[in-house]
Amino acid sequence: MTEQHTTETVGADPGRVADPAFDYLLGLGDDALIYAQRLGEWLTHAPQIEEDMALGNVALDLIGQARALLTHAGEVEGPDPVRDEDDLAMLRHEREFRNVQLVEQPRGDFAHEMARLLWFSTYQRALYSALLTSTDETLAGVAAKAVKEVDYHRDHATQWVLRLGDGTEESHDRMQAALVAVHPYVAELGEDHGAARWAAEHGVGVLPSSLIDAVNASVAGVLEQATLSMPDAPRWHARGGRAGVHSEVMGYLLAEMQHLHRSHPGARW
Amino acid sequence: MYGNDFGQPGTTDPGAGAPPHPLNAAETPDYTDALAEYFDGLIEEDQRVEPRDAMPEAYRTTLIRQMAQHAHSEIIGMQPEANWITRAPSLRRKAILMAKVQDEAGHGLYLYSAAETLGVDRSELLDKLHSGRQKYSSIFNYPTLTWADAGAIGWLVDGAAIMNQVPLCRCSYGPYARAMVRVCKEESFHQRQGFEILWVLARGTEEQKAMAQDAANRWWWPALQMFGPPDTGEHASSGHTAQSMAWGIKRFSNDDLRQKFVDMTVPQAQKLGITLPDPDLAWNEERGHWDFGPIDWDEFWRVLKGDGPCNEQRIRTRVQAHEEGAWVREAAEAYAAKQAARHQPEAVA
Ligand SMILES: [Fe+2]
Ligand SMILES: [Fe+2]
Numbered sequence: 001m002t003e004q005h006t007t008e009t010v011g012a013d014p015g016r017v018a019d020p021a022f023d024y025l026l027g028l029g030d031d032a033l034i035y036a037q038r039l040g041e042w043l044t045h046a047p048q049i050e051e052d053m054a055l056g057n058v059a060l061d062l063i064g065q066a067r068a069l070l071t072h073a074g075e076v077e078g079p080d081p082v083r084d085e086d087d088l089a090m091l092r093h094e095r096e097f098r099n100v101q102l103v104e105q106p107r108g109d110f111a112h113e114m115a116r117l118l119w120f121s122t123y124q125r126a127l128y129s130a131l132l133t134s135t136d137e138t139l140a141g142v143a144a145k146a147v148k149e150v151d152y153h154r155d156h157a158t159q160w161v162l163r164l165g166d167g168t169e170e171s172h173d174r175m176q177a178a179l180v181a182v183h184p185y186v187a188e189l190g191e192d193h194g195a196a197r198w199a200a201e202h203g204v205g206v207l208p209s210s211l212i213d214a215v216n217a218s219v220a221g222v223l224e225q226a227t228l229s230m231p232d233a234p235r236w237h238a239r240g241g242r243a244g245v246h247s248e249v250m251g252y253l254l255a256e257m258q259h260l261h262r263s264h265p266g267a268r269w
Numbered sequence: 001m002y003g004n005d006f007g008q009p010g011t012t013d014p015g016a017g018a019p020p021h022p023l024n025a026a027e028t029p030d031y032t033d034a035l036a037e038y039f040d041g042l043i044e045e046d047q048r049v050e051p052r053d054a055m056p057e058a059y060r061t062t063l064i065r066q067m068a069q070h071a072h073s074e075i076i077g078m079q080p081e082a083n084w085i086t087r088a089p090s091l092r093r094k095a096i097l098m099a100k101v102q103d104e105a106g107h108g109l110y111l112y113s114a115a116e117t118l119g120v121d122r123s124e125l126l127d128k129l130h131s132g133r134q135k136y137s138s139i140f141n142y143p144t145l146t147w148a149d150a151g152a153i154g155w156l157v158d159g160a161a162i163m164n165q166v167p168l169c170r171c172s173y174g175p176y177a178r179a180m181v182r183v184c185k186e187e188s189f190h191q192r193q194g195f196e197i198l199w200v201l202a203r204g205t206e207e208q209k210a211m212a213q214d215a216a217n218r219w220w221w222p223a224l225q226m227f228g229p230p231d232t233g234e235h236a237s238s239g240h241t242a243q244s245m246a247w248g249i250k251r252f253s254n255d256d257l258r259q260k261f262v263d264m265t266v267p268q269a270q271k272l273g274i275t276l277p278d279p280d281l282a283w284n285e286e287r288g289h290w291d292f293g294p295i296d297w298d299e300f301w302r303v304l305k306g307d308g309p310c311n312e313q314r315i316r317t318r319v320q321a322h323e324e325g326a327w328v329r330e331a332a333e334a335y336a337a338k339q340a341a342r343h344q345p346e347a348v349a
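Residue numbers (my numbering), protein chains in the order written: chain A, 1 to 269; chain B, 1 to 349.
These are calculated hints, taken from the structure and not from any lab test. These figures come from a predicted structure and were not determined experimentally. Please note that a few of the clues may not be correct.
Covered stretches of chain B, going by a simulated chain A footprint (3 or more residues, C-beta under 8 Å) [as the list claims (entries may be wrong)]:
| # | region |
| --- | --- |
| 1 | 74–81 |
| 2 | 95–102 |
| 3 | 205–216 |
Quick reminder that beta carbons are idealized off the backbone N, C-alpha and C, glycines included.
Produce the entire structure from the sequences given, and follow the hints as far as they go.
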């Protein structure tokens, strides 16, 4: 006797988000939240005390963006009952997170962080600049504040990529190796997905594919000045974060971030 | 502020429970007075010793040691709280905690700069910290085991630190006094956020209340030890108190500051609903102060000398960050040198 192929799924797709408006905002908010979580790990581990402060600043800006975006996402998702920033940050499961895999990757050395920060802040700057004219006024407001913040982040990362690229032989090699390691996570920033297509059609958001070439060109300009080279096209690249498919490290990140909140259901903090 | 200090009974909204005023020494007339005197001092400049002034060598070395150890305490003190950044129970708490840890880094930098006005440099002082030749406040050799510890540190440790630091706003050495004026303001926010963490926990679930009480149990005595050994009696240390007082670096004795801290903190514990772990704690009408039980000075000296739960770990973490960052700092120096060379006019052949 052969087994029959099941035609009905056992349950709903855990990564499915029905409302594209909600889904789009989650993507923006989760990028900021998860990157802030990783950057927060740097405090007390940075190469110099000034850098503890600077990375703390970047993380704080991103937490602020995440809170505004997730709060707004909860309102857009609608009543019964409205989920607030903490419901969304602390009580969603891994498959419901919409961030790109770039931001969830573990903290590498300082060169890896500057490679990631340069690419991500350059992307965020392009993104928030486009969102200034969003038909979603709340989102446009968040973007107006955030665009100045990420401009500073980008400048900070640029200064370090220049110093490391054109510093010592060791720093040059480490910076180049970091670029190669981070590169496979860049393409996902520019991949269109359902929610982004909906957002672009409705004037709420922007197609990632419309941003990525300028982002890469801007990064390439910094690399050239830093005597570094843009890595060759990688053999593989990350995909799936916007649909809630993450890398294995994501579960551990969420376990750490969520465990205290989840251990005390309904408690206030 | 008065009159609606504690919100409505049964209110759990942290925003509704405004903590009592004053909550810490930076909110008392002592601080405002110190500020006033400081600014008056600026006008009659000769009241402050400034970096270029002639000064006794012993005064100079005492100040360098004290400012360096103060700076080290700010930097090492980042660790126990940074321990909770990734696990903070809400995004608001995560942001506040990150900002606090970041402030401490700023305090450290500010104090290293103040020390540098006396002709040492930061890397030299960091070397002394890393090799154990200079100390930091022993309070940071205790672990932060639960979220409530982040609250207890703010409430008790920052609170005790401010009690020590407000008088330093009047310190005879100008750069140190100025650093303290700025630092005390921020420490005051830190102490408030710590109190607020505990305030919410103490009005939360049974588990949260237990968490708050447990943290107070573990941090109360080490906080009292922060003021240093007693000025008299068998445990008195042959320290530098008398000389520092004569030089106007120190304004109050260890025991006076400890008593002020106890007097200010006991009523706060009562408002919180937290029982301080001292059966001898009692109001003494005659003295007009709270009496408290004996402090375990053996524990104090043991932890100070290295045998505390986190001494090894704190220094290891610091040294590791420093060593792992060496190539980054070298790169920055090399880059700066190249830039300077590029911007120099062509050397004459
Ligand atoms: Fe501080
Ligand atoms: Fe503090």
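Holds or violated: the region 95–102 of chain B covered by chain A, criterion of 3 or more residues with Cβ-Cβ distance under 8 Å?
holds (count 5)
Counting residues of the region 74–81 of chain B whose CB is closer than 8 Å to a CB in chain A, do you get three or more?
Held - the region 74–81 of chain B has 3 residues with a Cβ nearer than 8 Å to chain A, which meets the minimum of three.
Is the coverage entry for the region 205–216 of chain B by chain A consistent with the three-residue Cβ rule at 8 Å?
holds (count 3)
In this structure, none of the earlier numbered hints is contradicted; all agree with it.
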